[in-house]
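Q: Take a look at the letters that make up each chain.
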Amino acid sequence: MTTATQFDSLPTPATPTAGLVAIAMSGGVDSSTVAAVMQQQGRPIVGLTMQLWNQRRLPELQGHGPAQHRCCSLDDVYDAKRVAQHLNFPHYVVNFEEQFEERVVRPFVDQYLAGRTPIACTNCNTDVKFEPLLRMARQIGAERLATGHYARIRRNDASGRWELLRARDDSKDQSYFLWGLTQEQLSRSDFPLGELTKEEVRALARRVNLPVAEKPESMELCFVPNGSYVQFIESYSRERGVALDQHEGEIVTEDGTVIGRHNGLHQFTIGQRKGLGFAAGKPLYVLSIDPQSNRVVVGEDDALRTTVCELENVNWISCEQPGAPLRADVKIRHKHPPAPATVTALDATRARVTFDSPQRAITPGQAAVFYSGHVVLGGGWIR
Amino acid sequence: MNRVYLDFNATTPVEPEVLDAMLPYFSAEFGNAASIHTFGQKGRAAVETARESVAKLIGARAQEIVFTSGGTESDNHAIFGVVEQSLLPASLSRNSVPHIISTAVEHEAVLNTCQALEKAGSGVTYLSVDRHGLVNPDSVRRSIRPETVLITVMHANNELGTVQPLEEIGRIASEADVYFHTDAVQSAGKIPIDVNALGVDLLSISGHKLYAPKGVGALYIRGGTHLRQLLYGGHHQRGFRPGTENVPGIVGLGKAAELASKSLAQDNKRISALRDKLEQGLLARVPDSRVNGGAAPRTPNTTNLLFPGLEGEALVIALDLKGLACSTGAACSSGAVEPSHVLTAIGLPPEEARASLRFSLGRHTSAEDIEFALQVIPAAVAQLRELSPTYRREAAARP
Chain A
40 MTTATQFDSL PTPATPTAGL VAIAMSGGVD SSTVAAVMQQ QGRPIVGLTM
90 QLWNQRRLPE LQGHGPAQHR CCSLDDVYDA KRVAQHLNFP HYVVNFEEQF
140 EERVVRPFVD QYLAGRTPIA CTNCNTDVKF EPLLRMARQI GAERLATGHY
190 ARIRRNDASG RWELLRARDD SKDQSYFLWG LTQEQLSRSD FPLGELTKEE
240 VRALARRVNL PVAEKPESME LCFVPNGSYV QFIESYSRER GVALDQHEGE
290 IVTEDGTVIG RHNGLHQFTI GQRKGLGFAA GKPLYVLSID PQSNRVVVGE
340 DDALRTTVCE LENVNWISCE QPGAPLRADV KIRHKHPPAP ATVTALDATR
390 ARVTFDSPQR AITPGQAAVF YSGHVVLGGG WIR
Chain B
8 MNRVYLDFNA TTPVEPEVLD AMLPYFSAEF GNAASIHTFG QKGRAAVETA
58 RESVAKLIGA RAQEIVFTSG GTESDNHAIF GVVEQSLLPA SLSRNSVPHI
108 ISTAVEHEAV LNTCQALEKA GSGVTYLSVD RHGLVNPDSV RRSIRPETVL
158 ITVMHANNEL GTVQPLEEIG RIASEADVYF HTDAVQSAGK IPIDVNALGV
208 DLLSISGHKL YAPKGVGALY IRGGTHLRQL LYGGHHQRGF RPGTENVPGI
258 VGLGKAAELA SKSLAQDNKR ISALRDKLEQ GLLARVPDSR VNGGAAPRTP
308 NTTNLLFPGL EGEALVIALD LKGLACSTGA ACSSGAVEPS HVLTAIGLPP
358 EEARASLRFS LGRHTSAEDI EFALQVIPAA VAQLRELSPT YRREAAARP
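From first to last, the protein sequence lines stand for chains A and B. Just so you know, we're using this note's numbering here: the first sequence kicks off at 40 and counts up by one. Just so you know, we're using this note's numbering here: the second sequence kicks off at 8 and counts up by one.
These are computed hints drawn from the structure, not numbers from a lab. Do not rely on the hints blindly, as some may be mistaken.
The calculated lysine to aspartate or glutamate pairs, modelled on DMTMM-like cross-linking and capped at a C-alpha distance of 20 angstroms, are [to be verified]:
no., chain 1, residue 1, chain 2, residue 2
1, B, K329, A, E182
2, B, K126, A, E99
3, B, K269, B, D27
Being a predicted model, the structure only gives us computed values, none of them experimental.
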C-alpha cells in the first residue's frame, strides 16, 4: 500500500474547461509533473519546450564535451520528449532564441554594465514565457498555459481580479519572480504545483514513473554555463565588440578616498564583501555603484541599511493602482524575508517604498514585491 | 487520428517492395560482403546488383558508385576529398590555397563542410541566387580563379524545389577543367538525372529521400576523378570507402533506385498535378498568400508558400495537432526551427522567411490528402492571424 500523494487530492483548476492546455516544459521534474497532473485531471495537453539559447555560442565558457544539465541543452529537450512519450501527449520544441536574447540576455548584461543587479528570471517570465510562448500556445489552439512555477493563481470574485499568491510550500515559493504578470496573462495561466511541496511533486513524478523523477534540480541561471555570470558578461560583451578591460575604475569610500581599483562594475553588487578587505579593522561592503564616474563606493555594514527606495515599471496585480498609501510586507530580493512597509504609488508606473525599519542592501535592478499575507499586491523594479 | 504527410522532402517511408528486398539480408543472408566464402559471396552479389541499379538511375557506370552512410557523408567525401587531394604534394594543384565555388542556398551538409575548409584556410565563394532561387551560370564563370579546385552546386533545393541549371554550369566547369560536384539528394528519384548530360564529376544521393531506409547513401565519382578518401580502414569498396558494407541498406537503396527508374515519369505527372492543385487552392483560399520560388523550374513535389503575418513554426504545430505534417525551414537537432538561409538568400525579410511553409508531396500522396490539406490550412492560418499583432495591424492599415 502506497502512501504517495493522490492525484484526486489536487485542487481543481480555477476555471475548469475542456480545452487544450499547453505545458511549458523545461525537461525538469517540476514542469514534467505539471504535465502528469493536468493529464490526470482529464485535460487534453500539448507540451512546448522553448529553445532559448544556443549552447555552442561563447565556446570559451564551455567545458569539454556536449552541454549537459542546463536549459536548452539537448539532454533537457530529450528529457521533455521522453516525458511526453511516456505519458503519450504531443510535444514540440519551439525556438525563442531571438526573443530570449533581446528581452532577457541583453538587458541582463546591460544592467550589470550599468552597475545594477538584474533578475533574468523575472524578464523571462514576463517577456518570454507568458508573452510569446503563451501567444504561441493560443495560436496552436491551447487557450491556457500551465507551468511548473511554485505559486498560486485565484480569481477574486469581489474585485473581479486575478490574484497571484505565494506557493503553499514557502521554501519553494517563486511568486517573487512573477510580479510582472498582467491580468490577461494570469487569467490564462495554471500553476498546478502551487499547492504542493517539492517532496509531493517528486512523489507524484515517481508514482507515474516519470523518466525525470530523480533528476537533480538546476539552480543556476540557465544561459550561464558554469555559474560565473562575470565570465558570461565578459564573453558576451567581447562577442558584441565591447572590451570590458577599458572599464576599470576606482574603489572609493563614502568620503571619496580612493582605496583601490576595479576591472569593471559588472563584478560588483550592493552588499558584496568579497575581495574588498578591511578599513580600521572593520569589513568593507559595496554601498553603491556609480556608472557615471565608474566608481564603486564602499563602507561599513551600517551604511548599507536604508529605509526608502523608488520603483519603476510597477505592476499592480490584486488591485488597481491605489490612490492612498498602502501597508504591505515587501520583499527586496528572492531570499529576503518580507518586511513591513508603506507603499505609495507615485504615478502609473512608479512607486515609493518606505520600510518601517532600515533594510540591508536595497539593490537597484532587483525587484520589490508587495505582499499582504499570501497575496501578491504588486511589484516593481528598484531604481 | 487521420494523419496526412506532406513532408516527403524531409524523409520518405521505405517502400514495401524495398523492405521485402532488404529483409533476407539481416539474418538469413547475413554474410560480410568482403568475405571469400559463400555467405560473403551472397552479400557481395546483392551489393553489386544494387550498385548497378543506382548507377542506372543516374546514367553512370556501376564502378563509379560508392555507397556511403547518406547524403551528408557523400557531400563531405566529395568536397573534402577534392580539396585535400589538391593539397597533396603529388597533386597537380595550381595553388596551395584551394578555392571552392558554392552557393548561398546549399544544404548544411555542403555549407558547413565549406565553412570548415574556410577555417582551415581554403577560399570559398558563395554565389548568390535570384529571387526564384536560381544561380546565374555566368556568375559561376566569373568566380573561377586559377586556384579553383571545385564547383559544388546543388541540383534541387530542399526548401523551394528549385532546379539549378547544372548543364550550363557543367560546361563551364569542364571548360575550366574544375571538378564539379552536385548534391542531388533532393532530385534523385524525383526528376531524371544523367551525370553525363549534367556534366558532373561527383554527385551525392541519400537513400531515405527516395523510399530507401535512413543511413545509406551513395556518391557518384566519375572515372578518373582524383579525390582523397574520407575514412581509413579495410579494403571495402576498393579501399575507397572502408567499413563493412551495410548490405541490407545498400540492397534497399538499389531496389529503391530500380523502382524510381521505372515509375519516375508516371509519378511526376500525378504528383505535380496534385502539387499544383494544392498550390492554386491555397493561393485562392488564403488571403495574401504567395509562392516562394514559383517561377523557376522546380521538382514536381515541392511548394513553398508564404502566409504573411504569422509564425510558420506555430502553423506547423497547429497543423500537426490537426493531423497534417509539413515543415518550415530545415529542422535542427532539437527539432526547433531555425530561420531559413534559403529564404533569406532569395531576398525574403526575416518576418516573411518565418512566415513560410514547405509542403512536399510523395508517391503516396492522394487526392484526398490534398483535399484535407485544403480544408485545414486556410482555417489554421485564419486562426493564427487572428492572434497575430502584426497581421491585424497590416490588415487594419489597408484602405
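Q: Is B/K329 within 20 angstroms of A/E182, Cα to Cα?
A: Roughly 16 angstroms separates the two Cα atoms, so the pair holds.
Q: Is B/K269 close enough to B/D27, meaning Cα to Cα at most 20 angstroms?
A: Holds - the C-alpha atoms of B/D27 and B/K269 are around 18 angstroms apart, at most 20 angstroms.
Q: Run the distance test for B/K126 versus A/E99: straight-line Cα separation, threshold 20 angstroms.
A: The hint holds at about 17 angstroms.
Every hint, counting from the list given before, is met by this structure.
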